[in-house]
Amino acid sequence: MRLDTSLLRGRWTPLVIAIVVLAVLPVAGAPATWLLYLFLFFVYLAMANMWNLLAGYSGLICLSPAAFIGLGGYTLVIITWSGLPFYLGIIAGGIVAAIFAIIIAYPLFRMRGIYFAIGTLVVPAALQVVFLLWRPVGGELHGGGAGYMVKGLTGITTTDTYWMALAIAAISVFLMRVILNSKLGLGLAAIRDNDETAGSSGINVFRTKLYSFVIAAFVMGIAGGVFYTYQGYIEPNSAFNISWLMTLLMATVIGGEGIEDGPIIGAVIVVILHFLLAKYAGLSLLIQGVILVVVMLVVPQGIMGLIRGGGIHRSVRKLITGRR
Amino acid sequence: MTLELLTDLATPITRGILLGGLYVVIALGLSLVFGVMKLINVAHGDLVIFSSYFAFFAMTSLGVDPILSLGMSMPIMFGIGFAIQKYILNRSFRVSMDASLIVCFGISLILENVYQIIWTPLSRGLTTGYALKSFAVGAVNIPLVYLLDFIAGLAVMFFLREFLGRTYMGKAIKAASQDHRAAILMGINTERIYGFAFGLAMAFAAVGGVCLGLTFPFTPTSGPQFLIIAMGVVILGGLGSMLGTFIGGMIFGLAQCVGGYFFGVAAQMLVAYVLVFIILAAIPRGLFGR
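Each protein sequence line maps, in turn, to chains A and B.
Here our numbering is used: the first residue of the first sequence is 6, the next is one more, and so on.
Here our numbering is used: the first residue of the second sequence is 167, the next is one more, and so on.
Looking at chain A on its own, in the form it has when it is part of the complex (with noise of 0.2 Å):
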């Protein structure tokens, strides 16, 4: 395939400037607050861009993130505790979490729409359980349950994990960009849409969906990694729990769900969200709940579609008048 590179280098400017511009940003002397924030805003963006890979241009209900996020830093940890260096864990997360991915394709694919969103479902709760009892690397217990301090970071400074997130977040975005312009994307947009014609126009579906899943828990692993990297502390209840779904699932819906500029958007509400919420500990879930839920009711397309497509007055009439 030829690339315009004419029209190609229109559209990656703005991109590479914005990540010179926040690579730059600890050299510079940026508080450290913004700089965790940024270091959220890319994790969750790098997450996000995979799961609306997945469900909004792949058309499959993923429901199964957390089991790449956790399967990521768990393997960062065992890696970390057996003395290999910290850098191999952090790849090595991402691979685990891919060759994990192919593993349960093949009986994933073999079910559809709803069956498959629910066989993901399990997933992560059946890992949850293996890590409860499984202690892969000795040593002595932090806490309750079977959690794991992340060794060897005593060369890493708060100022590699950001880079590391950006590197994550900015992969991702180039991902997403370099996937929809290619033959790739165009299977992926005619399998959502409608599987058995596109496998009878040629297209190998079973493969196509297989690319994406692999190529989605890749970098949700290393995501994952990069997240614990930050965190210092992984236990199995929190690294497969159904709430990394929330966060991605919110993130993808707020922002729009099957636009590429969706995830970044909903990512940045995820994380103001998250700071501003952290005050009322207990009513944060609660709020972010109804916002979800007022959100889809007003502005179903979210707010990149709401920008591109009618006007906030229509979403709001449609809701009132209750008509389509």
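Watch out, some of these pointers could steer you wrong.
[What the hints assert, rightly or not] To spell it out: a stretch of chain B is covered by chain A in this simulated footprint if at least three of its residues, at any positions, have a beta carbon under 8 Å from a beta carbon of chain A; those stretches are:
#1 190-200
#2 250-258
#3 389-401
#4 429-436
[Unchecked claim] Partner residues are not named here, just some residues of chain B that face chain A (Cβ under 8 Å, in silico):
#5 S262
#6 D264
#7 A265
#8 V280
#9 P450
#10 R451
Note that these hints are calculated values from the structure, not bench results.
Positions of the beta carbon are idealized from the N, C-alpha and C atoms, including for glycine.
Guided by the hints, dock chain B onto chain A, whose structure is given.
Just chain B, lined up with the frame of chain A:
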């Protein structure tokens, strides 16, 4: 040798089948909502827990027995279900199916946090006089509540079956689930039917909640755990098949208890999840799926 193993296994097998009844009660509400509205109600687990907390409240504050409290909680849950469907879900149905799924996630998030605020994150249980009793049949020792779970499972299944087959409302629910458009043309108010179906599912959830509270301790975040079990049961049997859900519940309970016997209690859920996964991989539409 084999005989010893068999007599040893008798207890986990009986317990598994009886415990399956609890999963059937929880799963039937989910199955009904799915069958009629094609909606995965991810808030179902949390709504079941609502009933557990209601029974807990009735027991500790009003001194009402959990089973008797169903007389109050079933109508209340029916009303809540009807209201959720009428004011929230019917609106999101007009948007898209994804929207409804996400709205359910939102509701689940809201409920879990409301429980935490009202009842604190402590683990609770409906510890009545009979909750800890058990009786022996031969060498098999059966807790009374397990038998209660099984009876509730059977009762709810037969009630639902007869209701859908014999009453006007039941037939209308069936019609709306088979062909939404044709049902409208026959003069059925499908939005009202949906409200009714969701209300009914919630009334079953009330029964499920009380059984759950009697059998296991629960916390505000127990909902998703039982949701995942109920999901497994529903797809195991095949979506839209009531008999399938019943048999799915039995299989899940058996896998859990027999798995617990061989691999230890800590691994029993893993055995059940893996079994669900294997059966689905072999029969992607479940045992009785259409």
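Hints versus structure:
1. 190-200: Since three or more residues must qualify, the claim that chain A covers the stretch 190-200 of chain B is violated, with 1 doing so at under 8 Å.
2. 250-258: holds (count 3)
3. 389-401: holds (count 7)
4. 429-436: holds (count 4)
5. S262: holds, 7 Å
6. D264: holds, 7 Å
7. A265: Holds: closest Cβ of chain A sits about 5 Å from A265(B), inside 8 Å.
8. V280: holds, 7 Å
9. P450: holds, 4 Å
10. R451: Hint holds; R451(B) Cβ to chain A Cβ min 7 Å, cut 8 Å.
Checked against the numbered hints above, the structure violates only hint 1.
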